[in-house]
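Trainee: Here are the chains, one letter per residue:
There are 2 protein chains.
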Amino acid sequence: MTLRKRTVAILIFDDVELLDFAGPFEVFSSVRNLTGDHERLMDVFTVAESTAPVRCRNGLVVQPEWSIDECQTVDVLVIPGGAGVRAALGRNHVVEWVRTRAQEAELTVSVCTGSFLLAQAGLLSGRPATTHWERIGEMRERFPEVEVVEDERWVDTGDIITAAGVSAGIDVALHVVRRLYGADVARATALGIEYDYWE
Amino acid sequence: MTLRKRTVAILIFDDVELLDFAGPFEVFSSVRNLTGDHERLMDVFTVAESTAPVRCRNGLVVQPEWSIDECQTVDVLVIPGGAGVRAALGRNHVVEWVRTRAQEAELTVSVCTGSFLLAQAGLLSGRPATTHWERIGEMRERFPEVEVVEDERWVDTGDIITAAGVSAGIDVALHVVRRLYGADVARATALGIEYDYWE
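Those protein sequences? They're chains A and B, same order as listed.
The letter at position 89 of the first sequence is residue 89 when you use UniProt numbering, and the numbering goes up by one with no holes.
The letter at position 156 of the second sequence is residue 156 when you use UniProt numbering, and the numbering goes up by one with no holes.
Isolated chain A, as found in the complex (with noise of 0.2 Å):
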């Protein structure tokens, strides 16, 4: 374990489902060095196929701060979803990004049904993934070759984790900030966002 920064990209594209990714981002960018100067230890950015507004499935609408070919290497990504996912599914220019960026990241993480994404990437072949238990079904149908997971809060294989629906996507991000800077850090970040229930 180490405090060294790291660079997390948020993909986000229309229909985005906006907890999916506004999870991530409070948790990720609240990290916190708990010595010195309590220097924020992750800079969070999204990231979409260009940089026009956004506008997620509930009407919110996001400026992105990159566009996929202005965001190079980053040491986390992360691949929320949405009803939207289904029309990235087929954007080849979006899923070869997500598979580039995802080979040289640290970790990858998705939300929700953003591990269709990481699945069409061919990022899942042969390892457990899970999705919005919704979407369960539709994930076994569409990706015979993931040992697609249910009932489990988040699915760790080490360089990929995929998530359950929505909310856990808050979850998954305190056990990332654990992994990546120790229990201690992820305590005090849940605790800065009143957050309990993850561990």
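By construction, these hints were calculated from the structure, which means they are not laboratory data.
Here the structure is a predicted model, which means the values were calculated and not measured.
Any given hint could turn out to be false.
Okay, derived cross-link-like pairs now, SDA-like style, lysine to any residue, Cα gap no bigger than 20 Å in a straight line [what the hints assert, rightly or not]: (1) Lys-5(A) - Gly-59(B); (2) Lys-5(A) - Leu-34(A); (3) Lys-5(B) - Arg-57(A); (4) Lys-5(B) - Asp-184(B); (5) Lys-5(A) - Arg-57(B); (6) Lys-5(B) - Gly-59(A); (7) Lys-5(A) - Thr-73(A); (8) Lys-5(B) - Arg-178(B); (9) Lys-5(B) - Gln-72(B).
Here are some chain A residues the structure puts well away from chain B; computed CB gaps all over 12 Å [said to hold, decoys possible]: (10) Gly-36; (11) Glu-138; (12) Arg-179.
Restraint-style ranges between C-beta atoms, simulated for each label pair [unchecked claim]: (13) Glu-141(B) - Arg-142(A): 55 to 63 Å; (14) Ala-87(A) - Ile-136(B): 39 to 47 Å; (15) Arg-179(A) - Asp-69(B): 43 to 51 Å; (16) Glu-138(A) - Gly-182(B): 28 to 36 Å.
By construction, the Cβ of each residue, glycine as well, lies at the ideal position given by its N, Cα and C atoms.
Using the hints, position chain B against chain A.
Mentor: Only chain B this time, still in chain A's reference frame:
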């Protein structure tokens, strides 16, 4: 209890804490009629002092849907918190808007230090209310007329409900859904976002 549709306005401002408002936004916009056409029961939108983009405390840039001058009476008013609340407390036009809209609304809900804005608007005098656990002392000092409560996830005084910090916005929003639409609708909403923790 009635299944009539409600409008929900969420106030945002520079340096608002992301999850403070994204949690309630996700919950309220996920509420569906359990029978018939399963239509959306709550129409959720953001409001800011102007329609200029708002930069949340963690860097995410959001496009507000309405300015406070355009946004008239709503059924549910949500006031999040975050570092930017302190600046907002001195914006008389904003505080006055909060007072007026809250007095007309069926329910007003604050998250985190959003309760400071309700107190500034004179809405919490003589009432029990809460805030983020780290801000309990500051709230007592700033607003001695408020009966500040700690160690509660939310405090429901009827037409005004104040919640604890950040993630507690998810819990209080589900509580509001239960009050407005009953336990079955609230549980279905929680199931949709995979959030079992609140009850």
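Trainee: All hints, please: hold or fail.
Mentor: A quick look at each hint next to the structure:
| no. | hint | verdict |
| --- | --- | --- |
| 1 | Lys-5(A) - Gly-59(B) | 17 Å, holds |
| 2 | Lys-5(A) - Leu-34(A) | 13 Å, holds |
| 3 | Lys-5(B) - Arg-57(A) | 19 Å, holds |
| 4 | Lys-5(B) - Asp-184(B) | 16 Å, holds |
| 5 | Lys-5(A) - Arg-57(B) | 19 Å, holds |
| 6 | Lys-5(B) - Gly-59(A) | 17 Å, holds |
| 7 | Lys-5(A) - Thr-73(A) | 14 Å, holds |
| 8 | Lys-5(B) - Arg-178(B) | 14 Å, holds |
| 9 | Lys-5(B) - Gln-72(B) | 16 Å, holds |
| 10 | Gly-36 | 20 Å, holds |
| 11 | Glu-138 | 16 Å, holds |
| 12 | Arg-179 | 20 Å, holds |
| 13 | Glu-141(B) - Arg-142(A): 55 to 63 Å | 56 Å, holds |
| 14 | Ala-87(A) - Ile-136(B): 39 to 47 Å | 45 Å, holds |
| 15 | Arg-179(A) - Asp-69(B): 43 to 51 Å | 47 Å, holds |
| 16 | Glu-138(A) - Gly-182(B): 28 to 36 Å | 30 Å, holds |
When each numbered hint is compared with the structure, no violation occurs for any of them.
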